[in-house]
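Chains as they are written, first to last, in this note's numbering: chain U, 1 to 456; chain B, 1001 to 1171; chain L, 2001 to 2392.
The hints are simulated quantities; they were obtained by calculation from the structure and are not laboratory data.
For every residue, glycine included, the Cβ atom is placed at its ideal position computed from N, Cα and C.
There's no promise every hint is true.
[Stated by the list, open to error] Here are the simulated distance ranges between beta carbons:
#, chain 1, residue 1, chain 2, residue 2, range
1, L, ASN2003, U, ALA367, 31 to 41 Å
2, L, LEU2348, U, LYS359, 17 to 27 Å
3, U, LYS359, B, SER1160, 26 to 36 Å
4, U, GLY30, B, LYS1170, 44 to 54 Å
5, U, GLY45, B, ILE1054, 45 to 55 Å
6, U, LYS31, B, LYS1170, 35 to 45 Å
7, B, ARG1048, L, LEU2348, 27 to 37 Å
[As the list claims (entries may be wrong)] Cross-link-like lysine-lysine pairs, in silico, BS3-like; alpha carbons within 30 Å at most:
#, chain 1, residue 1, chain 2, residue 2
8, B, LYS1086, U, LYS211
9, L, LYS2151, U, LYS359
10, U, LYS290, U, LYS444
11, B, LYS1125, U, LYS189
12, U, LYS191, B, LYS1125
13, U, LYS196, B, LYS1021
14, U, LYS103, L, LYS2282
15, U, LYS193, B, LYS1025
16, U, LYS360, L, LYS2121
17, U, LYS444, U, LYS22
18, U, LYS360, L, LYS2282
19, U, LYS22, U, LYS193
20, U, LYS444, B, LYS1021
21, U, LYS280, U, LYS15
22, L, LYS2121, U, LYS103
23, U, LYS444, L, LYS2121
24, L, LYS2245, L, LYS2121
25, U, LYS196, U, LYS280
26, L, LYS2121, U, LYS359
27, U, LYS196, B, LYS1017
28, B, LYS1125, U, LYS12
29, U, LYS298, L, LYS2121
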Amino acid sequence: MYVSPIREPLIKGGKDYSQVTKDIMAPMAGKPSIYWYVGIAISGGALLFGAWATFVTVYYGIGSWGLNKTVGWAWDITNFVWWVGIGHAGTFISAILLLFRQKWRTSINRSAEAMTLIAIACAGFFPLIHMGRIALGFFIFPYPNTRELWVNFNSPLLWDVFALTTYFLVSLIFWYVGLIPDIGTVRDKAKNKIRKAIYGFLSFGWTGSAKHWSRHETVSLILAGLAAPLVLSVHTIVSFDFATSVIPGWHTTIFPPYFVSGAVFSGFAMVLTLLIVTRKALNLEQYITKVHIESMTKIIILTGSIVGIAYITEFFMAWYSGVEYEQYAFMNRAFGPYAWAYWIMMTCNVITPQLFWFKKIRTNLVAVFIISIFVNIGMWFERFVIIVTSLHRDYLPSSWTMYTPTVAEVGLYVGTFGLFFTLFMVFIRVFPVIAIAEVKSVLKSSSDEKKHTHHE
Amino acid sequence: MNKYLTAYYLDEEDLLKGLKKIKSKGVEVADVLTPFPVHGLDKVLGLRRSRLSIIAFAGGAIGATLGFLFQAWVFTRAYPINFGGKPYFAVPSFMPVTFELAVLFAAFSMVFAFLISNNLGPGSKNIIHDEQITDDRFLLVVKMDEEDDEKVKAVEIILSDAGAQGITLKA
Amino acid sequence: MENLTFKLTKKTVTVFVVMIAIGLIALLYGVLGSPGAERVAANLLLNNYYFLSLGLIGLFFVTVHAISESAWHTSVGRIGEAMSAFIPAGGALLLIFFVLGGLHLVFEWTHEDHLDAILLKKTPYLNEPFFYIRSVFFIGVWAAMAHYIRKVSLQVDLNGDMKYFNRLRTLSAVFIVFYALSSVVTSWDWLMSIDAHWFSTLYGWYVFSSMLASGVAMIIIILYILKRMGYMDHVNVEHIHDLGKYLFGFSIFWAYLWYSQYMLIWYANIPEETVYFYERHKNFEGIFYVNLILCFVIPFFALMTRNSKRTFSVLIPVSVIVIIGHWVDLYLLIMPGAVGGEKSGIGLLEIGLTIGFMGLFLLVTFWALTKAPLASKKHPLYKESLDYHTNY
């Protein structure tokens, strides 16, 4: 198919198919570098800190946290929403960019999807542990029991259970189905017998048959078509946790699409943070090019601006409604005791992404890396501000109080970072970080040696 | 005993051109194996359109129905509880779970159907004709049930005329 | 090979003029007959808002596809551009409508002697001078941008120079940002303030999604008409499939926003919010559900299969249903607050006025189609679009 010459190449270095295989499989071969060991040591340490914090929480109970009657949710749910939001970028890249036929997604979808799965695992930890008696965590699932009691289908917290379970499972099979052909490649290149046997088992007998490929493409397309509304629904249902309430600052109809945009916004920022380092460390700069980075920054401008418009809408509507409680909620956010959190949020979420309007900044990798971190800081504070400021001062002034986290709460968050980076580091050693077969399928049309295909 | 003639190409365009030639000479190609899905190959091989979408739809419909009816039963028959004044048959509340179960059932039924119908799964044993397929070779496979050496040679000539390399006869 | 110059025949013009005439007759009947001034005014607002928005969505389509470097859209982009030619006319008509008394007939907050405590609080925003300043400003900038973007698009056509292509992209980005803000604010001003005691932060995006779905439907219908007339041979089944996917997707997106707004208000059950739906359930119950069926249920099931999105025999009936459906959606946004249950209805007035505005919109759009080649041949991505085919 003809490709216009104005399109920038997506794969550099004049690669052929076997070169693609070699380059992408290189990080899995041999011994890991010293940086990998250092990295996993640090993330392992964070994970251990989290394990300690988990022990403290389970052994002593939620009293070991800084929560009180007024502020019943704080770091726990902030972290939950933050991690779920980050997970959304992976599905956005795999599903929505596939539906929009964006070829640039082929270099980044594999690692982004892996990131999604790990992020959902990190996210799911928080609702579980904030229950206190986590051994009874299975109560959230509807199963026949002697109390003849079912779960509350009216509650968004229960909808979350179904949404996150579905999201995790569907993302898992989407990731894995896409991975099968690449596992076939790893199997076929394996020299060691055990390695060959393990990857042989994991490859599910993949042969590369044309009929299998045809069905595989159909499955990927339909999964994309299912995953696209799914990803919207998950963060929508998460937003329902707040929006179905009656509290000022929480109950507002714009939350569903606003949360979804915010999720994609922070998710892409995390993908950028990860991939800017990964592409350099694993010598994959010719596959994850500046075009890929730039395209992701454009999605950040789009979603960041949508979040900004949502902020403006909320302020205006708070005034327009004439509801004094709603108006106070926003005044308190900007000028009350948590104003510092609010202004960090505003600076990071509204101002920093707008810098990406300038091409010079979009194509400067250091700037992009720094901004991506600020975006995620901003999005953490956004959830914190929404949750804590609305809870600590709502309708009844006699209930107003302050909240401060304890070391245990902070430790749990640090622990999830440990889990996230540890699993990601394992992932890059065990599976190809770029979708080998997908990159090969766009090689002819999008490499820097433009080879036009004849069409029959 | 099953014998196969295999031959490969190093470029998908050459594969498509050669394949058309081979088919026009009446050779029945049992399978074509490629490192990635080749655009246009389906048509040349005459592959039927997949019916997996029907399975996905059926799965989704079942999931949605089960989800909705279950919630309705729980809330109206099994143990009706007044939650914040909401009606027992709370249709707006039922929507999220209904939707999620629809997606879950659709995705899983389709993926399982895909894996099972193509004999792909943990422990599946399929013939790997050439370990280079998953790297950069586009292989075609012709089944040779004959013991007739003449027939085999004739097909080999057709294959090499069509530009295929590495023509091998294997058991 | 391609017939790229559109000729507006006398026959076509006659059809549109007859439609406009029907509209004028309906208007006359409305003014002289029984419906009542509020109902006539509400209908004028409904149709004016609808078709002005369709023009804006046309421009939105052109600009979004420009900045996303979409190749396939260059084959159908002229339709969206032509629709945007209606913006000045639609905007001017709306302002005239407001000035000639429409504002007072529809919007209770303009009756300054009858303001209750809640409305009094809103007067810094809901007052006539500020209202007019906003309306004139937004309509003015829209019209100017539509004109300028069209001009640059034609330069890309004449001249394939990357300089014009890049200018088009920059302008597109500016328009999209401005449109995001202005569509939301104008929906508050021109629609939400009809029920001035009520508010919803999602409202602007909800109305936008409604217009987006009907905008695609209109593009599909116009494409079909052009193809029937023998034009647009360069548009193949793959392009049509993409438009069908948009129709399917945007209908689902609209339903998602509809549900979000409805469910959240239902769930929290706060009287000052639920009063909005209470009125709709009490006096407009049938239409309330018809709205969902037309805008979501039918498009969702009819457009699910791959083939349905590739054939006009399904796309056209569904597009017509979607356009009617979103008219009904606007009806539910406007009538309960502006006219109320007893005095409103869907009769000859409604049908006639809609036909009238449709005729005017189509006349302007088809006139605009004559002013430029139907495909942008020198566009750097056009050749890719011509060769366009894909596996999915």
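Hints, verified against the model:
1. With their beta carbons about 50 Å apart, ASN2003 of chain L and ALA367 of chain U fall outside the hinted range of 31 to 41 Å.
2. The supplied range of 17 to 27 Å is broken by LEU2348 of chain L and LYS359 of chain U, whose beta-carbon atoms lie about 57 Å from each other.
3. Distance hint check for LYS359 of chain U and SER1160 of chain B: the Cβ-Cβ separation is about 53 Å, which falls outside the suggested range of 26 to 36 Å.
4. Judged by the Cβ atoms, the range 44 to 54 Å given for GLY30 of chain U and LYS1170 of chain B is violated: they are separated by roughly 33 Å.
5. As the Cβ distance of GLY45 of chain U to ILE1054 of chain B is approximately 51 Å, the hint placing it in 45 to 55 Å holds.
6. The given range of 35 to 45 Å is respected by LYS31 of chain U and LYS1170 of chain B, whose C-beta atoms sit roughly 37 Å from each other.
7. Taking the beta carbon of each, ARG1048 of chain B and LEU2348 of chain L are about 53 Å apart, not inside 27 to 37 Å as hinted.
8. At roughly 52 Å between alpha-carbon atoms, LYS1086 of chain B and LYS211 of chain U are farther apart than 30 Å, so this suggested pair is violated.
9. Under the criterion of a C-alpha separation no larger than 30 Å, the hint pairing LYS2151 of chain L with LYS359 of chain U is consistent with the structure, at around 25 Å.
10. Taken as a hint, the LYS290 of chain U and LYS444 of chain U pair is honoured in the structure, with Cα atoms around 19 Å apart against an allowance of 30 Å.
11. Restraint check: the Cα-Cα separation between LYS1125 of chain B and LYS189 of chain U comes to about 18 Å, which is no more than 30 Å; the hinted pair holds.
12. Note on LYS191 of chain U and LYS1125 of chain B: the hinted pairing holds, with a Cα-Cα distance of about 19 Å set against a maximum of 30 Å.
13. With a CA separation close to 37 Å, the supplied pair LYS196 of chain U and LYS1021 of chain B exceeds the 30 Å bound.
14. Taken as a hint, the LYS103 of chain U and LYS2282 of chain L pair is broken in the structure, with Cα atoms around 51 Å apart against an allowance of 30 Å.
15. Restraint check for LYS193 of chain U and LYS1025 of chain B: not satisfied, since their Cα atoms lie roughly 42 Å apart, outside the 30 Å limit.
16. Our distance criterion of 30 Å between C-alpha atoms is broken by LYS360 of chain U and LYS2121 of chain L, whose separation comes to about 46 Å.
17. Among the hinted pairs, LYS444 of chain U with LYS22 of chain U is consistent with the structure: their alpha-carbon atoms are about 17 Å apart, no more than 30 Å.
18. The straight-line distance between the Cα atoms of LYS360 of chain U and LYS2282 of chain L is roughly 58 Å, outside the 30 Å bound, and the hint therefore fails.
19. Our distance criterion of 30 Å between C-alpha atoms is met by LYS22 of chain U and LYS193 of chain U, whose separation comes to about 20 Å.
20. For the given pair, LYS444 of chain U sits about 23 Å from LYS1021 of chain B by alpha-carbon distance, which is consistent with the 30 Å threshold.
21. For the proposed pair LYS280 of chain U and LYS15 of chain U, the alpha carbon gap of about 18 Å is at most 30 Å, so the pair holds.
22. Taking the CA atoms of LYS2121 of chain L and LYS103 of chain U, the gap is about 52 Å. The hint is violated against a cut of 30 Å.
23. With a CA separation close to 64 Å, the supplied pair LYS444 of chain U and LYS2121 of chain L exceeds the 30 Å bound.
24. Our distance criterion of 30 Å between C-alpha atoms is broken by LYS2245 of chain L and LYS2121 of chain L, whose separation comes to about 45 Å.
25. Restraint check for LYS196 of chain U and LYS280 of chain U: the C-alpha separation of about 28 Å stays at or below 30 Å, so the hint holds.
26. Among the hinted pairs, LYS2121 of chain L with LYS359 of chain U is inconsistent with the structure: their alpha-carbon atoms are about 45 Å apart, more than 30 Å.
27. Restraint check for LYS196 of chain U and LYS1017 of chain B: not satisfied, since their Cα atoms lie roughly 34 Å apart, outside the 30 Å limit.
28. For the given pair, LYS1125 of chain B sits about 37 Å from LYS12 of chain U by alpha-carbon distance, which is inconsistent with the 30 Å threshold.
29. Distance hint between LYS298 of chain U and LYS2121 of chain L is unfulfilled; the C-alpha atoms sit about 40 Å from each other, more than 30 Å.
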